[in-house]
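If you want the building blocks of each chain, they are given just below.
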Amino acid sequence: MKYVYFPGCVTPQKENAYELSMRKVAEKFGIQLLDLEGANCCGFFMEPIDHLSATLLAARNLSLAEEKKCDLLTLCPACFGHLTKVKKELTEDQELRKTVNEALAEINKKFEGFLEVKHFIKVLLVDVGITKIKRTITKPLTRLKVVPHYGCHILKPSDELKLDNPENPTLLDSLIKATGVTFLDYMEKRLCCGAPIIGVNEKLSLRIMREKLRSVQKVKADAIITVCPFCHLHFDLNQFTVQEEYSEEYNIPILHYTQLLGLAQGLSPEELGLYENRVPTDVILEIL
Amino acid sequence: MPENLKTIQVLKSLKTTKIDPNFKFEVAKMPGGESIKYCFQCGKCTATCPIRRFDKEYTPRLIIRATLLGLKDIVLSSDVIWLCATCYSCTERCPQGVKLTNIIRAIRNLAIEKGYIHPFFKLQANAIASYGKIYEDEEFINELRNDLGLPPVTPVKRDEVHTILQHTKVKKLLLTKEKEEN
Chain A
1 MKYVYFPGCV TPQKENAYEL SMRKVAEKFG IQLLDLEGAN CCGFFMEPID HLSATLLAAR
61 NLSLAEEKKC DLLTLCPACF GHLTKVKKEL TEDQELRKTV NEALAEINKK FEGFLEVKHF
121 IKVLLVDVGI TKIKRTITKP LTRLKVVPHY GCHILKPSDE LKLDNPENPT LLDSLIKATG
181 VTFLDYMEKR LCCGAPIIGV NEKLSLRIMR EKLRSVQKVK ADAIITVCPF CHLHFDLNQF
241 TVQEEYSEEY NIPILHYTQL LGLAQGLSPE ELGLYENRVP TDVILEIL
Chain B
1 MPENLKTIQV LKSLKTTKID PNFKFEVAKM PGGESIKYCF QCGKCTATCP IRRFDKEYTP
61 RLIIRATLLG LKDIVLSSDV IWLCATCYSC TERCPQGVKL TNIIRAIRNL AIEKGYIHPF
121 FKLQANAIAS YGKIYEDEEF INELRNDLGL PPVTPVKRDE VHTILQHTKV KKLLLTKEKE
181 EN
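Here the protein sequences come in this chain order: A and B. Going by my numbering, the first residue of the first sequence is number 1, and it counts up by one from there. Going by my numbering, the first residue of the second sequence is number 1, and it counts up by one from there.
Keep in mind that a hint or two might mislead.
Looking from chain A toward chain B, a few residues come up when the C-beta cut is under 7 Å (computed) [said to hold, decoys possible]: (1) N16; (2) G30; (3) L34; (4) G38; (5) I49; (6) D50; (7) E106; (8) P157; (9) N165; (10) P169; (11) L171; (12) V200; (13) Y246; (14) V279.
Derived by calculation from the structure, the hints in this document are not laboratory data. Think of the CB as a built atom: it goes at the ideal place given N, C-alpha and C, for glycine as much as any other residue.
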């Protein structure tokens with residue numbers, strides 16, 4: 001299995017532990033990752049400003065990856081969603097494709113549209129498969145109780161991403177269960193984390209996260225498992241602000257799914273960057 | 001403060017504000033805006049919206065209604081159009097197949113053309129237009145990555161990003177001064 005790795009903006013800047021643990025886990029499955037030199041923002045953050053600019057930014061990344069002749073892998077659901085949507089749009093809208101390729105021609109690039117955009121979760125679930133994942137588990141985490149946080153962009157819009165049913169998602173559930181943990185359900189499983197509006201209305205963004213944290217606390221989970229670097233950053237960094245604002249105590253560790261899987265594969269906390277997490281993860285290690 | 005999208009204000013504006021009957025066609029012509037004409041105002045979008053759940057001033061149904069009614073200035077200058085978290089819950093559940101998330105994106109794109117932009121979005125877009133990413137490539141990131149045993153992030157080829165963006169209106173859009181809030 002060979003992929004070209006698209007880092008995006010948030011992961012290398014704020015969540016290097018996600019990439020570190022992904023690389024360690026990928027090694028276990030013999031996944032080979034190629035670097036994508038000179039890539040730009042996927043284009044997602046340009047969407048509200050100008051659709052064509054957002055499309056061009058994505059198309060440049062796709063054309064760079066196509067030069068490597070293998071599928072694109074990313075850890076960020078927003079990148080995954082945006083690149084997937086742009087690929088579909090450029091495949092269906094020939095006029096837009098012409099405009100885009102005219103612009104790309106100036107930098108000697110061309111969008112061909114043959115590669116597939118994959119989130120690491122999809123690679124694990126489809127390309128690797130649950131059976132093979134279970135075979136790598138050497139330390140089932142039976143004493144740990146966790147809940148999933150899916151995030152919005154890994155699931156929706158479901159007609160374009162075609163990954164899972166957003167009304168009753170199960171893909172992350174099954175990946176989490178494979179590590180042997182005690183899996184818990186909670187009331188606000190489908191709620192957004194609030195991160196996307198942190199720059200527009202901070203109070204509201206924190207209010208939404210608080211609702212999630214309360215719901216997770218009610219079921220007495222030891223940790224929240226995320227697959228999105230942006231959701232992770234929001235929970236892990238701004239949880240302290242929520243605690244201050246509302247004079248409440250949560251201190252719920254937030255783990256990247258790859259960190260959870262790595263622990264179950266017998267990898268050390270250092271190898272998985274567990275000490276990079278902002279909400280201390282010592283509690284987790286004590287339970288294990 | 002720009003006028004906000006509240007039912008009572010929309011009703012009042014129907015008598016006083018100039019209505020632009022072409023506004024809905026303008027939105028429908030934008031990429032992703034086509035499905036606005038299927039809306040039959042059931043309100044499922046509002047019922048399902050996580051932003052609405054915690055902020056009663058945000059009503060996606062009303063944004064669509066006001067757009068269909070032609071209340072162009074009120075919609076484009078409203079600060080609520082920047083509150084959408086793009087979670088796609090409304091798009092998923094709309095019984096008419098109205099792609100609200102894309103429509104709100106189309107409305108934002110039109111608002112920016114009119115000179116209305118939320119400072120947070122302007123900040124991010126400016127960063128991308130200059131650095132190619134929302135964060136500038138900085139040496140300390142690669143030092144940190146090196147300590148963790150990760151390969152360096154290669155710098156964005158900014159000149160290439162600048163070249164392709166010259167084919168768009170983005171530079172001009174970002175230069176437009178934000179409309180003064182009165």
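Verification of the supplied hints:
| no. | hint | verdict |
| --- | --- | --- |
| 1 | N16 | 6 Å, holds |
| 2 | G30 | 19 Å, violated |
| 3 | L34 | 11 Å, violated |
| 4 | G38 | 4 Å, holds |
| 5 | I49 | 4 Å, holds |
| 6 | D50 | 5 Å, holds |
| 7 | E106 | 5 Å, holds |
| 8 | P157 | 5 Å, holds |
| 9 | N165 | 10 Å, violated |
| 10 | P169 | 12 Å, violated |
| 11 | L171 | 16 Å, violated |
| 12 | V200 | 5 Å, holds |
| 13 | Y246 | 13 Å, violated |
| 14 | V279 | 19 Å, violated |
Hints 2, 3, 9, 10, 11, 13, 14, counting from the list given before, are not met by this structure.
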